[in-house]
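Throw the hints in and build the complete structure from the sequences for me.
Now for the letters of each chain:
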Amino acid sequence: MKFFDTDSFEEIWATITRNKFRSIATGFGVFWGLFMLIVLVAVGNKLKQGIMGEIGDIATNSVFFQPSRTSEAYMGYRKGRYWDFDSRDIELIRQKAASVDQIAPVLWSGGADKNVVRGMKSGSYTGLGVYPAQFEIEAVKIESGRLLNEVDVEEARKVCVIGKTVYETLFAPGEVAEGQYVRFNGIYFQVVGVVSAGTGAMQIMGPVEELFYMPFSTNQRLFQRSDSFWFLTCTAREGFSAAQVETEVGAIIRTAHNISPTDTSALWTLNVERIFNMFRGLFTGVNILMWIVGLGALFSGIIGISNIMLVTVRERMREIGVRRALGAKPWNIIVQVMSESFVLTAIAGMLGFLVGVAASLLVDKINLGPGGGVSIPVAGDPIVSFGLALTAMGVLMASGLVAGLLPAMRALQIKAIDAIRDE
Amino acid sequence: MIKIRGLNKTYNLGLPNALHVLKGIDMDIAAGEFLSIMGASGSGKSTLLNVIGILDNYDTGEYILDGTLVRGLSETRSAELRNHKVGFIFQSFNLISFKNAMENVALPLYYNGVPRRKRNELAMEYLEKLGLGAHAHHLPSELSGGQKQRVAIARALISRPSVILADEPTGALDTATSREVVEIMREVNRTDGITMIIVTHELAVSKATDRIIYLRDGLIASDEHNPNPVIEF
Chain A
491 MKFFDTDSFE EIWATITRNK FRSIATGFGV FWGLFMLIVL VAVGNKLKQG IMGEIGDIAT
551 NSVFFQPSRT SEAYMGYRKG RYWDFDSRDI ELIRQKAASV DQIAPVLWSG GADKNVVRGM
611 KSGSYTGLGV YPAQFEIEAV KIESGRLLNE VDVEEARKVC VIGKTVYETL FAPGEVAEGQ
671 YVRFNGIYFQ VVGVVSAGTG AMQIMGPVEE LFYMPFSTNQ RLFQRSDSFW FLTCTAREGF
731 SAAQVETEVG AIIRTAHNIS PTDTSALWTL NVERIFNMFR GLFTGVNILM WIVGLGALFS
791 GIIGISNIML VTVRERMREI GVRRALGAKP WNIIVQVMSE SFVLTAIAGM LGFLVGVAAS
851 LLVDKINLGP GGGVSIPVAG DPIVSFGLAL TAMGVLMASG LVAGLLPAMR ALQIKAIDAI
911 RDE
Chain B
-15 MIKIRGLNKT YNLGLPNALH VLKGIDMDIA AGEFLSIMGA SGSGKSTLLN VIGILDNYDT
45 GEYILDGTLV RGLSETRSAE LRNHKVGFIF QSFNLISFKN AMENVALPLY YNGVPRRKRN
105 ELAMEYLEKL GLGAHAHHLP SELSGGQKQR VAIARALISR PSVILADEPT GALDTATSRE
165 VVEIMREVNR TDGITMIIVT HELAVSKATD RIIYLRDGLI ASDEHNPNPV IEF
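Note that the protein sequences, when read in sequence, are chains A and B. So for the first sequence, the numbering used here puts the first residue at 491; every next one is plus one. So for the second sequence, the numbering used here puts the first residue at -15; every next one is plus one.
Bear in mind the hints are in silico, worked out from the structure with no lab data behind them. As the structure is a prediction and not an experimental result, all values here were calculated from the model. A virtual CB, placed ideally from N, CA and C, is assigned to each residue, including glycine. A portion of the hints provided could be inaccurate.
[Said to hold, decoys possible] In silico lysine-lysine, DSSO-like type, Cα no more than 30 Å apart, as pairs:
| hint | chain 1 | residue 1 | chain 2 | residue 2 |
| --- | --- | --- | --- | --- |
| 1 | A | K905 | B | K7 |
| 2 | A | K648 | A | K631 |
| 3 | B | K83 | B | K113 |
| 4 | A | K631 | A | K604 |
| 5 | A | K905 | B | K83 |
| 6 | A | K604 | A | K654 |
| 7 | A | K569 | A | K586 |
| 8 | A | K905 | B | K(-13) |
| 9 | B | K113 | B | K7 |
| 10 | A | K654 | A | K631 |
| 11 | B | K69 | B | K102 |
| 12 | B | K83 | A | K510 |
| 13 | A | K648 | A | K611 |
| 14 | A | K905 | B | K69 |
| 15 | B | K69 | B | K113 |
[Stated by the list, open to error] Calculated Cβ distances over 12 Å to all of chain A for the following chain B residues:
| hint | residue |
| --- | --- |
| 16 | S30 |
| 17 | I48 |
| 18 | L65 |
| 19 | N78 |
| 20 | L79 |
| 21 | E87 |
| 22 | L91 |
| 23 | N96 |
| 24 | L127 |
| 25 | G130 |
| 26 | P145 |
| 27 | D158 |
| 28 | D207 |
| 29 | H209 |
| 30 | N210 |
Shown next, in the form of C-alpha cells:
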C-alpha cells in the first residue's frame, strides 16, 4: 500500500475541493501561520544583520577609556577633581598590562571654520592625533597611499592621512593626493594616504571620511603643547578577553592617577565585546520570540485544520463505514484522513511560505534603520536562508501529520455496522 | 460455504439492559444458494447478517465462512476477508456521492490493490453486464433508484465474493424497480453461482428465493425449501 498514489491523491483532491470555501478558510490559518513565521524570522534576521553589520569589522575585543571627574575623595585628593591621561599611562600599560595587545591614544584638534586648506580649496574638519593601531581598531579602508606608521609617530612627522570627503573637498577628481601638501590649522602636512570607512559603519571618532589623521606625537607637539590626552583604546591580546583588559588597564590608570578603585564614574570605559555580546543575546532573544510567535500562529492554523477534519470525518461517517464494509483496512482510513490534512496543510503552507518569502524580500528593500545613523546594507546574507526554508518545510510536514492524527483516530473508531445502519 | 453452530450474541453483555439477540443459531448454507432470511424487526435478522458479513462479532458458537473460522479477527484481517469473500447490497445503496458509477464499482478492487486501469476495465465490464454502460460516468445523484441499486450490485460482484449479503435491497424501491432488482440478483446467482443471502421483510422478495429462513426472537423458527420460486410483484 503506497502512501501516496494518483488514486488517493485524486480522492483527497475531490474531498478538499468539494467544500471549497471551508477548505480555503481552514487553509488560511496555516497559510497565515507560515507566512508570519517566515516574515518574523526574516525581519529578525535582517535586524540582526543590520545592527551586527554596524559593529562590522571594528575590533570587537577593544575597550575605550575616557577620563572623567572623580566622585570620591581618595589619597588626599578631594572629590570632583578633573584629571587627564598622559604619556606615562601608555608606558605603564605597555609594561604592566599582560592582556593588552594594541594601545591607541587619540588627541582631538578641533576644526575652526575652514581650518583645512589647499590652495583655493578649503573645508572644516576635525583633526585626530593617532597611533597606527587606531586604523586597525576602526577597520578603515585604504582608498590610496598608506596609513600612518610607527616611524611617523616616533619622529612626529608632519604627514597626514585624510578621509575621502576631505580628499574630495581639497582635490580635483582623480588627482593624486599623496605627496601633496595641505594646511591644517595653519600648519602644512604632507598627505600620505586617503581612507574611507570599512564595512562596519559604526564610527568611534566620527565619520572616517571627514577626519584628518596625523601622528599622535605631531598633534601633541604642534597643537596641545602638553602631555595630556582624553581618549584611549586598548585591544585584547590573543587569549585574553576585553573584560580582562577593562579591569587590568582600569586598575593601572587608577593607581597612576590616585583614583579610588571603587570610583566608577571617574573612568569611563566602553567594552565593545560586552556590547557585542549584549546585542548578540538580544538578537537571540528576538529570534526565539519570533519563532515562538510564528510557530504559535502556525499552531493555531493546525488546530483549525484538525478541527475541520474532525467535522469532515463526522460528516463522512457513512462513507467511511461503507469503505470499511467494502474492505478498507484501518490503515487505509488512517492514510486517507492523514493525507487529506497533509495535502491541505502542505498547499496552504507552501503558499504561506512563498508569500512570506516575497514579503520578506520586500521588507529587505526597506531601510529599517532610523534616519541617517544606522543604514542597513542591502547586500548581505539571503534574507530567508536555506536552513530556514528547510526548517519551515519540516515544521510544515510535521504539522500536516499532527493535524490529521486526531481526526484519523476518530475515523478509526467508526464501525461499518454503525455507519451503514439504515434506521 | 457457510456453517454456523450455536451462535449467540448479546448486546450490552453484563449490563442491566443486556439484550440477547441471537440465541443459538445453527445454519448451513451451501455454495450457490439463493435464500432469504425473514423476520419481524427485532427478530435478530440484521444482527445475523452483520455477523455473516463480518461487520460484527459474536459471543459464543462458531461461524465458518468458506473454510475460514471467523472469530476474534483483527480489524485488518476482517477487512481483508470482507473484501475477498463478501459483497454487500444495502437498502439505501450507500454509493459514494462524489464518485461516478464506474469508480464506485471499482472501489472494492482499490482496497484489494488492483491497479487503476485494470479495475476500471473490470468495473466497466460489470456495469455493461448490468446494462449501465452508458451511465458509467454519472454520479449517483444523476441515477434513478433502480440504477443506483444496480451499481451497488455491480460493486458487490466485482471482487467475485463467495457470498453476497443484501439487506432489504428493495426497501427503497418501487414495485417495478424492485422486480427488476430481484430479477438481476437471481440472474447473477444463476450465471455467476454466487451465494446470495437476502434479508427482507417483503414476502414478494422471499417468494423469489429458493429457501426461506424465518427468524423469531433470535431463533430459527422455520427453514423451508421453496420449490417454485416466482418473481411476482
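Beyond 12 Å from chain A, beta-carbon-wise, is D158 of chain B?
Non-interface label on D158 of chain B holds, nearest chain A Cβ at 17 Å vs cutoff 12 Å.
May I ask you to check that L65 of chain B keeps its beta-carbon over 12 Å from the closest beta-carbon of chain A?
At about 8 Å from chain A, L65 of chain B fails to clear the 12 Å cut-off, so the statement is violated.
Quick one: work out the minimum CB distance from E87 of chain B to chain A and report holds if it exceeds 12 Å, violated otherwise.
With a cut-off of 12 Å, E87 of chain B comes too close to chain A, as the shortest Cβ separation is near 9 Å.
Assertion that N210 of chain B lies farther than 12 Å from chain A (Cβ):
The assertion about N210 of chain B holds, with a minimum of 26 Å to chain A.
A cut-off of 12 Å on Cβ-Cβ distance, and N96 of chain B was said to be off the interface with chain A. Does that hold?
violated (7 Å)
CA of K905 of chain A to CA of K83 of chain B, is that 30 Å or under?
Distance ~22 Å between K905 of chain A and K83 of chain B Cα, so the pair holds.
Using Cβ atoms and 12 Å as the threshold, tell me whether L79 of chain B really stays out of contact range of chain A.
Contrary to the label, L79 of chain B does not stay out of reach of chain A, its closest Cβ about 8 Å off (not over 12 Å).
Compare the distance between the alpha carbons of K569 of chain A and K586 of chain A with 30 Å, and conclude whether the hinted pair is satisfied.
holds (27 Å)
Please work out if K648 of chain A and K611 of chain A have their alpha carbons no farther apart than 30 Å.
holds (20 Å)
Far enough from chain A: is every CB of that chain over 12 Å from the CB of L91 of chain B?
violated (6 Å)
Run the distance test for K113 of chain B versus K7 of chain B: straight-line Cα separation, threshold 30 Å.
violated (41 Å)
Against chain A, does H209 of chain B keep a CB gap of more than 12 Å to every residue?
Its Cβ never comes within 12 Å of chain A, the nearest being 29 Å, so this holds.
When held up to the earlier numbered hints, the structure conflicts with 9, 16, 18, 19, 20, 21, 22, 23 and 26 and fits the remainder.
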